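Q: From just these sequences and the hints, can you work out the full model?
Protein chains in written order, with our numbering: chain A, 7 to 348; chain B, 7 to 348; chain C, 7 to 348; chain D, 7 to 348.
If you are wondering where the hints come from, they were derived from the structure by calculation, not from laboratory data.
Do not take every clue at face value.
No copy is singled out in the list; a pair is fine if it fits within one copy or between any two copies.
Cross-link-like lysine to aspartate or glutamate pairs, in silico, DMTMM-like; alpha carbons within 25 Å at most [as the list claims (entries may be wrong)]:
| # | residue 1 | residue 2 |
| --- | --- | --- |
| 1 | Lys214 | Asp51 |
| 2 | Lys66 | Glu195 |
| 3 | Lys214 | Asp257 |
| 4 | Lys44 | Asp92 |
| 5 | Lys214 | Asp255 |
| 6 | Lys117 | Glu131 |
Since the model is a prediction, treat every value here as computed from it, not as a measurement.
Protein chains: 4
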Amino acid sequence: MTHRIAILGASGYTGAELVRLIATHPAMRIVALSADRKAGQAMADVFPFLRHLDLPRLQKIDEIDFSGVDLCFCALPHATTQLVIDGLPRTLKIVDLSADFRLRDVAAYEKWYGQPHAAPELQAEAVYGLTEFYRDQIRGARLVAGTGCNAATGQYALRPLISAGVIDLDRILIDLKAGVSGAGRSLKENLLHAELSEGTHAYSAGGKHRHLGEFDQEFSLLAGRPVHVQFTPHLTPMNRGILANVYVDGDAAQIHATLAAAYAAEPFIQVLPLGQLPSTRDIRGSNFCHIGVIGDRIAGRAMVVATLDNLTKGSSGQAIQNANLMLGVEETAGLTLAPIFP
Amino acid sequence: MTHRIAILGASGYTGAELVRLIATHPAMRIVALSADRKAGQAMADVFPFLRHLDLPRLQKIDEIDFSGVDLCFCALPHATTQLVIDGLPRTLKIVDLSADFRLRDVAAYEKWYGQPHAAPELQAEAVYGLTEFYRDQIRGARLVAGTGCNAATGQYALRPLISAGVIDLDRILIDLKAGVSGAGRSLKENLLHAELSEGTHAYSAGGKHRHLGEFDQEFSLLAGRPVHVQFTPHLTPMNRGILANVYVDGDAAQIHATLAAAYAAEPFIQVLPLGQLPSTRDIRGSNFCHIGVIGDRIAGRAMVVATLDNLTKGSSGQAIQNANLMLGVEETAGLTLAPIFP
Amino acid sequence: MTHRIAILGASGYTGAELVRLIATHPAMRIVALSADRKAGQAMADVFPFLRHLDLPRLQKIDEIDFSGVDLCFCALPHATTQLVIDGLPRTLKIVDLSADFRLRDVAAYEKWYGQPHAAPELQAEAVYGLTEFYRDQIRGARLVAGTGCNAATGQYALRPLISAGVIDLDRILIDLKAGVSGAGRSLKENLLHAELSEGTHAYSAGGKHRHLGEFDQEFSLLAGRPVHVQFTPHLTPMNRGILANVYVDGDAAQIHATLAAAYAAEPFIQVLPLGQLPSTRDIRGSNFCHIGVIGDRIAGRAMVVATLDNLTKGSSGQAIQNANLMLGVEETAGLTLAPIFP
Amino acid sequence: MTHRIAILGASGYTGAELVRLIATHPAMRIVALSADRKAGQAMADVFPFLRHLDLPRLQKIDEIDFSGVDLCFCALPHATTQLVIDGLPRTLKIVDLSADFRLRDVAAYEKWYGQPHAAPELQAEAVYGLTEFYRDQIRGARLVAGTGCNAATGQYALRPLISAGVIDLDRILIDLKAGVSGAGRSLKENLLHAELSEGTHAYSAGGKHRHLGEFDQEFSLLAGRPVHVQFTPHLTPMNRGILANVYVDGDAAQIHATLAAAYAAEPFIQVLPLGQLPSTRDIRGSNFCHIGVIGDRIAGRAMVVATLDNLTKGSSGQAIQNANLMLGVEETAGLTLAPIFP
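A: Structure representation (structure tokens):
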């Protein structure tokens, strides 16, 4: 059975990545694509790398007939998203890739995103989309909120450790290196090749990055008490990939065993042997997450390093994995592509 | 039906690319992998990006039981290759990715590669592997010789034009920009990130590049007279992709029409509208070749630009396309992955 | 003696490069910097790499007191430039880095830049700024028009050959690879790191690039007859550097001898031994131009390759070299920095 | 007065960087260059970017007449270095760029470098070359040991804080991002453009990196008690530059004030306003070090970020700064070049 798919916001990188992945998906067919400012154009004009595909022309959202759509991916900017989704038919399954439905508490949303939430009743309905940890709820959900790409990476490294109580909750530090596609197709000086290609720098440092809202929510829930981590992301001269170094107080062998056990049956989470560390180059373009653990020379300190592709496992691949669950399709369908190297 | 596949020389980039593509191939299964110096290692140790796959351990070639193999990809260095293939069972289908069987004339081989050919009788049997132009012979072949990646790119731009007689055969100039993975996993100073990343330069200039042997052979055969082109490749600070600018004397509209007609039914060759030109970023990781044509302000001059991924359409993807034909599988099987962008 | 310098348009890459070079210039001191939209800011806020320098704050142009200025570099966008320069004191020496005064013929200006010239009398006064070939006029000039960076590179390869009559004027083809800083600090999708870093492509192809106006003007003047070249620039994934491959009909040895003789006494133009070719990595950040010559296997065909840094010798370094002449300072002052490698 | 300079090991990146900087140094002249395997070659053959300079031909070390040399830079591999320096005339001033004389304690040397020290009496004589903190000793020294590039970056961030007692000595964590030129011109797979350009990864993690020997030595000495930091370096897809994120427990404002005061009179160390953070792109090719401080949302935690160019301030620039002191030349001579951006 082929499910009919719409993608709203198809002119951005996550929209294009959805199209790339669905192109070889055995049970999905794209029937509608939206892009407000580029409505009327062919997808091949916006993204020539997709020119071999037979795709519907870009439309405005209100031109789409949703009666012929089974599931809708929503890859719109935050704030806009909550208004758009509020206007969609209640019968439609929705996987949202924006930040609008990630935080259960509307006060937290307002704190991190600087404005009140316009659709709090939808917020209440939304399921947090970190597949491996919310599988059952996602299966039955109508609206799934995709996680932040940095937030996903940090959580893969940390959730089993917090659940198992094997690390000190007050000394968690995430130093994260992110490729530039995570910033989207936005026209900013620091994203220009001339400025980024030899320029590594921190951004949203000091506890200001919005994905901290997700860390706070999820880690506190797991721990049953407030947990606040330190988190510094860095813009790094590469296109895809996130490498999260998570520094913790705990025993490396126990940490490794905990992670290995937690992910033993997971198709996309690969825990490397103790002492081996992953590289962004080895997960590019794929839905895999590689995790490594190493102890420090200082007893009782360890580092967990998780890496994934921000556009795939961190965003569009995760969205498809969730959609598979919602549609009753094999969870890994369309997502088994190997990484691309070099 | 699943065909049993061996890959000789699996520790290089083209070997790894074969594994990446076969991983999602519906009718191939890898049963043996060789790498002489790394025999005994797991593929995941050599290429961590493949660690999610269940693959046979690396072996020495003489440890492989070829009785359980239907088709063998040979991704070994040239010169070595002819000796190895000479020792393989005569019943085995072989797709060779080296330069050893590309030139029909052993004298030409000796001229371009600097040593006599050691297996001239195999040379006689080999079919040149530019799929779109040798489909019928490939279907019935036992040994197919994959083309050079630069040679493939230039030929896609030029073959229909030479056949149709719409360009001046004495004024063909190919200025080609190549990503660094085409040089393989070789340890040379000019391939280091520190030296390449801001360093574009020509190599094998002045008519010395070995792929000229293929151009001479194929173009002369098509034209029924000797054809010699000018050809300058450039090492460019990117990993994958070849962009061949082919400058010709001829009418742009006629050239475009000729190419569009020649490739109208081809699944992997995409001719852009007249006046549009392709970019390497749009074919990365895929088996597609994009071709554009533009006329010059000087009447009677035109430029044809062809781009493909050297590791895929230029090498391992081409090899699988040929293997599909030899095995009676759908020609596009395993090769419909969309390019990866960004 | 220290000359007092103003830079108009100091918030772009060529403006910043002027500041970088003047910082160690023995006879220049910056007394005014303009940037209309960033007036009031410190230079260190716009370009943190200059924060160690004691520089005047950015102003609007009409806030500058030009009575205290000896020479003004004008790094403004074209079209704006002619209006601004028209309003400056007649006594001020000016080196313009825009395109506004490069073309002597106002009809040619209108053809290539799409609008009538607003200051034709200034145009008449301007001297073309390719230092090595206009030294005497530049020395006495009040207004010097810096060349296009691509135009400079092509001319260094070709001018002595046209003057000497050693190549066929009807078969000149320039295939040029340009780093992205040549596009300036402009916010365009194809300049983003995510889109450029694996994406080589031609632009303004087919005889549309504006620097052709300079080639036409200069080469025709040298030859005493109309000369029209083919010219295709390519955006290449690097920040600085232009590599111009110039394909000509002629004898390589004679071409090499002609160039070597022409540039024997030039401090910044280096002709490599016959058969050696230059790389962009070897001139980065410097005022040097490296030129190589190689013959083709086809008799009577040759390639000249010239490389320079578009921001230095192709623009701001050239401007300072011209300013040195205009101010009676040693021509090489402030310009002897070695390239930076790696 | 011009001092006569020899450079041993001139065929590596730090050797070439010394030549680049000395080329515009007002008081130094290179009289000898050594490179064992490339003896007899011109420097321009090994490093074409230096071809405009009039340099002595490369020699073997024992061919050099040291009687005409005032000061010798030694840029040889560690272990070799101690043997070579042991054989040089006792009257020669030496600035060593290797690791051989950085650790005062020969047991520490053996621990970190895996072999006994062969010249312990020279070790005793050597002065640690972190200029800003050893100025007086360096002025009178005969042998100065240049610091590790990572070690320098971390120390600039931390030394004044340890001296002032404003941070918790048991919770210091350095997460460092390093450009690839720090690995030298070594032929390793992970330094290839194809493997590094999209591949960020940690190396020597878990307390194994040799520069920890310097951190331990210097920080313990300053604190008057053992201090052990956590330190993870990452290979980052860029050529030059180190960004050290130093996470500490302390008050951000006090930390910032301490650093600002400590470096107020330093010509090369720039402390940014509180809350601003530096980028590697802003110090490239220069002898400057930029330092930023930001507090975390968690009270009592802060981050200090220091950035410098590993080849300049981290190695060859530092060496020249020290040589200037040893020779009685202005400390900043030859080192005031602005960074290069973009």
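Q: With reference to the structure, classify each hint as holding or not holding.
A: Each hint tested on the structure:
no.	hint	result
1	Lys214 with Asp51	between (37 Å within a copy, 21 Å between copies)
2	Lys66 with Glu195	between (29 Å within a copy, 22 Å between copies)
3	Lys214 with Asp257	between (29 Å within a copy, 17 Å between copies)
4	Lys44 with Asp92	within (23 Å within a copy, 41 Å between copies)
5	Lys214 with Asp255	both (23 Å within a copy, 18 Å between copies)
6	Lys117 with Glu131	within (20 Å within a copy, 59 Å between copies)
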